[in-house]
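Peer 1: Okay, here's what each chain looks like letter by letter:
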Amino acid sequence: MKKPFSLQVDMDSFLPASAEEKEYMVQMRPSTTFFRDGVKRLVKNKIALISFIVIVAITVAAILIPAFWPYSYDQMLGVQPGRPVDASYNNLKPMTYGRTEQKLIDAGEDVFPHLFGTDQHGRDYFIRVVYGTRISLAVGFFASIIVLIIGITIGAISGYVGGKVDLVIMRIVDIIYSLPDMLMVILLASVLGVSRLGEAIEGTSLERIGGNIISLFIVFAILYWVSMARLIRGQILSLREQEYVLAAQATGARSGWIIRKHLIPNCISVVIISTALQIPNAIFTESYLSFLGLGVNAPMSSLGSLASDALNGISSYPYRLVIPAIVISLIVLSLNLFGDGLRDAFDPKLNA
Amino acid sequence: MADNQTPLVDIRHLKEYFYISTGPFTTKPLKAVDDVSFTIRRGETLGLVGESGCGKTTVGRTVLQLYKPTGGEIWYDGKQVKTARDLKEFRTKATMVFQDPYSSLNPRMTVSDIIAEPLDVHGLYKTKEERRERVLELMQYVGLNSEHASRYAHEFSGGQRQRIGIARSLSVNPEFIVCDEPVSALDVSIQAQVINMFDELQDKLGLTYLFIAHDLLVVRHISDRIAVMYLGKMVELADADEIYGHPLHPYSKSLISAVPVPDPRTARANQRIALKGDIPSPLNAPSGCPFRTRCPYATDACAESMPEFKEVSSGHFVACHRTAEINS
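Note that the protein sequences, when read in sequence, are chains A and B. If you use our numbering, the first sequence corresponds to residues 544 to 895, in order. If you use our numbering, the second sequence corresponds to residues 23 to 350, in order.
Check the hints yourself; a few may be wrong.
As a list, the in silico DMTMM-like pairs of lysine to aspartate or glutamate whose alpha-carbon atoms are at most 25 Å apart [as the list claims (entries may be wrong)]:
{"hint": "1", "chain 1": "B", "residue 1": "K148", "chain 2": "B", "residue 2": "E197"}
{"hint": "2", "chain 1": "B", "residue 1": "K37", "chain 2": "A", "residue 2": "D555"}
{"hint": "3", "chain 1": "B", "residue 1": "K110", "chain 2": "A", "residue 2": "E784"}
{"hint": "4", "chain 1": "B", "residue 1": "K50", "chain 2": "B", "residue 2": "E95"}
In short, the hints are calculated from the structure, not lab data.
Construct all of the structure, not just a fragment, from the sequences and the given hints.
Peer 2: If you want it as structure tokens, here you go:
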């Protein structure tokens, strides 16, 4: 035992640190990936986060509500088997009821309300809006995926192979770019939709959404991949000059390997951003085609066709135009804002 | 085959022209490498020096056939590398370390994926475990902490990144490595570490290097023999000490006189041979000897024909018409 006032140095303090003690001193920062960094920045962006929540809420609602809603989008409430047509169900104002329903309510029973009223055929308007949202979102999502797949494949090949292949592909892209795309959309939709596809899909489950929507997908597949392909090509052109691509070539990697492992992962953020911005574009195109009568087949609704139908009674029932218009605006706006947020979070050039 | 007489790498009359378009339908050859021949013996280091744009890097890349040679032959270990099959085998024996440790590592891959990429490409392992062990072994070779295997390249310093690049080039157990200015992007203290590591790895693994650099002191330190290039052509090739002690070609003389000397007294006594003018564009290379436009000894004969690359003393090659007169 050492005396309290002893000047003798305690040699124990000068022993080399044990492995455990050394370990204790090492501070390791957790390894972060580019993706995690991006998500962190995205969550910090309030506008993007709110937009994302709105998109998710609308999507979940469009998927789940039809499952438990008591009315169906094509059910004419005034038409009951074995009875004369009850015209009191047509053109109901929001939260009002048809004659038979009113009787049930008077008898003390619960009747599910018509939140947005009914249309001129006595169909519940709320569920029609929900179905319209469903169609619009589905079109936007699948059309963007088609564009993504075609654009990424052709753009990557064009950029990586280069030379004559690149020249030919880019001239085709230029030609498609130079076509007035709205005119092409209308022409293709009217030609394909009525005569060819209508017969081809008869009797299949696709018939319900109609040949026009299928032709819309075809239009997207033919026309809208070009900007994606250009974007990818530009990215690949700059990426393939990087030394790590040369390093992969020096190890003997094939072109497919280099595109998959080196080029695509490095332009994936640009791809995600432009896909997110492509979706509202597709939704918008579908809406106005439906508005022009080139969209979904009759009993099925889309936001555009609902707005179009509402034009007939615009002075008496303005809310029938306003509701689908608000839903379209909400979807397109929040997707655009979310896309902007994605770009801010993931585009390395902006946060360098 | 693998006796000491056969050089490991034998480059014969290598040519690499890039065609530059000068108009809508016309192209002009840019002779980046023009008729270069050299050999590298097993286990030795050949240093390749020259000023910027003289074709050093192109030689390195063409030797590994990253660029398809316009002409000439590449012989490796007594066999010509010609068909796609030869090339596939050649790729597992000859690898490359790149100049820029920042752009030569894919930012989206973890260190272990980067190092194991050549193994993945050639399918050189059977189980995941085997791959992991190999990666850790390589990281140990180059002095990296094995805990860093799952990190991304951007989390490392320049020196560490270059070590990752070296580990990648070692992963297939190569015999021959082309080092393309592997230390010029690093600061001096790290340069020394990396250069010494190259030395140690050579002893341990019996590697052969083609070491490209423009830093003459670095090259002298690591090389057994040194080749000097000028405007796509090789002008002198000799043992390192020989070329530093008795450079024969006027360009090498000037180059070596420019090496900084740490002692100011010696430095003052040494005469620097300053060259006039700039290196000509390889698109409009001068006729005959490429160096004649800047050579203090040039005569009319130099404009007429390219001097032959010939052996003047044992192992000392020079391409100059007036070797004998200048050095007498």
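Peer 1: Could you run down the list of hints and mark each one as holding or not?
Peer 2: Verification of the supplied hints:
1. Only pairs whose Cα atoms come within 25 Å are accepted, and K148/B paired with E197/B is accepted, the gap being roughly 22 Å.
2. The hinted pair formed by K37/B and D555/A fails the criterion: a straight-line CA distance of about 70 Å is larger than 25 Å.
3. Simply put, K110/B and E784/A have alpha-carbon atoms about 22 Å apart, close enough for the 25 Å limit, and the pair holds.
4. Of the pairs offered as hints, the one joining K50/B and E95/B holds, with about 23 Å between alpha carbons and a cut-off of 25 Å not exceeded.
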